[in-house]
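Chains A and B are the protein sequences, given in the same order.
Residues in the first sequence are numbered from 1 upward in steps of one, following this note's numbering.
Residues in the second sequence are numbered from 1 upward in steps of one, following this note's numbering.
None of these hints come from the bench; they were simulated from the model.
Just so we're clear, the structure is a prediction, and the values are computed from it rather than from any experiment.
Take the hints with a grain of salt, since some may be wrong.
What the hints assert, rightly or not - So, partial list: chain A residues that the calculated Cβ filter (under 7 Å) puts toward chain B:
1. ALA183
2. VAL186
3. ARG198
4. SER199
5. PRO395
6. SER423
7. GLN424
Every residue, glycine too, gets a C-beta built ideally from N, C-alpha and C.
Protein chains: 2
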Amino acid sequence: MPLSTTMPNRSLSHHISSRRAFLSTSAVAAAHVWIPRPVKGYSAEEVAAQMSGSNGAIGISKWELDTPALCVDLDRMEQNIARMQAAAKQFGIATRPHAKTHKSADIAKKQLAAGAIGICTAKLGEAEALIAHGIERICMTTCNVSPAKIRRAMQLRKTSPHFIQAVDEEQNARALSAAAREAGVVADVMIDVAVGTRSGIPAESALALAKMVDRLPNLKLRGLLSYDGGAQHIAGFDARKQRTLENIAANARVFEDMKKAGLSTEIFSGGGTGTYNIQHLVPGFTDIQVGSYVFMDMQYLAIGGEKNQAVYDDFASSLTVVATVLNNRFPGRLTTDAGAKALTLNMPRAGVIGEPTADYNAGSDEFGVITFKGEPSRSYKIGDRLELIVPHCDPVVNLYDVMYGIRNDRVAQVLPVTARGRSQ
Amino acid sequence: MPLSTTMPNRSLSHHISSRRAFLSTSAVAAAHVWIPRPVKGYSAEEVAAQMSGSNGAIGISKWELDTPALCVDLDRMEQNIARMQAAAKQFGIATRPHAKTHKSADIAKKQLAAGAIGICTAKLGEAEALIAHGIERICMTTCNVSPAKIRRAMQLRKTSPHFIQAVDEEQNARALSAAAREAGVVADVMIDVAVGTRSGIPAESALALAKMVDRLPNLKLRGLLSYDGGAQHIAGFDARKQRTLENIAANARVFEDMKKAGLSTEIFSGGGTGTYNIQHLVPGFTDIQVGSYVFMDMQYLAIGGEKNQAVYDDFASSLTVVATVLNNRFPGRLTTDAGAKALTLNMPRAGVIGEPTADYNAGSDEFGVITFKGEPSRSYKIGDRLELIVPHCDPVVNLYDVMYGIRNDRVAQVLPVTARGRSQ
């Protein structure tokens, strides 16, 4: 889920660093302990080539992968998917997981198989890539505004009858309807109703837009979208719950007004990993667009959960980057091969599994620099591996062509990042 | 060139923001003015497909590209390459440009054609990709430490006789020699002598390592490498010059000691865009590993030059991201389609060309949010384009599959990012 734009980065980073001491000695330290193994090393291409071959390289230890390597613990991820599905069922709502996090057709298939009613994408390019890999029931949560994108969206709708897109403006609605007519389709849309000031139509204007969309000949109104990006990372469950419900109140009235006006409210979708257990309190809410819960990251670990107020451990950290020590020569420091091009954001800091006193700086393009604030758990040689919990999962996944699917510390599956780089 | 690791991010960002007011009214505002055009829009795939066809799409306006689109102004970039080459000639040294910045075989070819004596890479995967696209004389500035990488490096050396790699440790030197023998080659290496505490061998131990490397049967010593990542972004030319010369003093003695000992000092390489006009003051220095000068970015604009102390304008900003306005509904704000997955780092902020009072927040994964601190130069409609100077060029280029090469605001060439994602 996106970083908050209504909460400035400054306060977010302050918040994270103030929780760092605790996090360091709990979530990170509690994650499975690093066990060095003899190092062998394969590149992404070599593993893919070997796995497509008859002998197969399934079974390579994750400690033998060439690095930086993006790994996902499949058992933990599948457990996260099952937990989210069970929670939604208990709350009486559905899940429509957001693929902007994983960009993977394989993971989307697991989510659908577990009971998700559809998959969200942020970009048209993501929708195209996933549909090309067999994912149906895509709901695009951003509006297509340029003529070229609108044409592409209608071509996609033509081949994928369950494709739904967002609309948040009258002129855009007219353009969508005209393009749909040109393509010979009636296109499914939902109204994006703003929470905050980033995207969507303000609640007070939403009903008029919904009525207009409903009258347009080549659009089919399916309901409304209401995503509160700013609420997802609010620290403390109670504060997060209060803010989420306050923020959505006006949109909940839009839902009621649309219903009263006889407009379709079949979909009332929103929420994310930070508010998955809050959104069902909104009357009429149908489904949650949860993304990060499959992987988790340092940013979400820090916000605190309903039960565990200190560490958000409703879901397990499944996504890691394995890195190699390149330099151990300077006291209290290690240099690794995972910098900004392997971890993107440097705030919050990446977590080093098994090293609660490590401060990991990914501010260099090519190098990570660890400064130990206390005693390391062991000594590190050049070539040793380290495993990192990423700062924020979405942009990190977008850097890699493949994720290594790990079971019991060995490669069980190579998952292509199907929509990597599909930012258009 | 990398972000400094010896200079904390906090002081860097403080520095940048304190110069923002000036920058906003000079470098960014002075860049070519945004002229809205009728929007058409093509995706990267569509442009590539059309350009490979007989009719060709060369001539598409950059304002009609689908967005976010990474664009490089070819005239400006070629001017930067010519300027750097002329400066180096005047200083009596050579250039060995770093491809970690552009990751592009096309741009490396332009640099070599202009007179560069070789090309640097940070990663073995980059070297492999560029060599596969016809770039010879690659110098890899990071050490290969895992057995798999060492084997790959020797296979590369076998096919590319001008491939040189860094070494900074005795055990690693032995492993390189053994692998070279196994591959049936004598591999060219240079000693990476540390400046700061990130990578390399401390100066006091470097001569012993050089002697040892010189004796190893399957390694050929070529000289030394001395890159001061921490000095590149020091604000103020005088401070930068003083720190660079202080920091390199011990390494300059290593150079002299190696020379006296009869060891090869054919290469004494280092420096970057921030110190290109300082390194030649070091006796024996042979070549500068300049990277960012081809593109420039907000980070480098802020450090100040020798002549212009306020804005580092020795080279022109050639790299931009074209983005589309998605929402204009909230007063004093605009939302665009270029967030963290289009611009990576959010600090320093991206610059909006022609809008000196715009504060661009790329902290959301998918959206950019502009807050105007003063009056915008014009009103913006949904679908309008904006052009952005990126925060830091290297990791941004690594997000995109292609750069659009622009001349006079039209696409003249599509440049594949040859080594995109080659972080292993």
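Each hint tested on the structure:
About 16 Å separates the beta-carbon of A:ALA183 from the nearest beta-carbon of chain B, more than 7 Å, and the hint is not met. Violation of the interface hint for A:VAL186 is found here, the shortest Cβ-Cβ separation to chain B being roughly 23 Å, above the 7 Å cut-off. The restraint placing A:ARG198 at the interface with chain B holds, with a minimum CB-CB distance near 5 Å, inside the 7 Å limit. The closest approach between the C-beta of A:SER199 and any C-beta of chain B is roughly 5 Å, which is under the 7 Å cut-off, so the hint is satisfied.
Against a cut-off of 7 Å between C-beta atoms, the interface hint on A:PRO395 holds, since the closest Cβ of chain B lies about 5 Å away. Interface hint at A:SER423: satisfied, since its Cβ lies 5 Å from the closest Cβ of chain B, which is below the 7 Å cut-off. Given hint, A:GLN424 at the interface with chain B, holds; its Cβ is 5 Å from that chain's nearest Cβ, closer than 7 Å.
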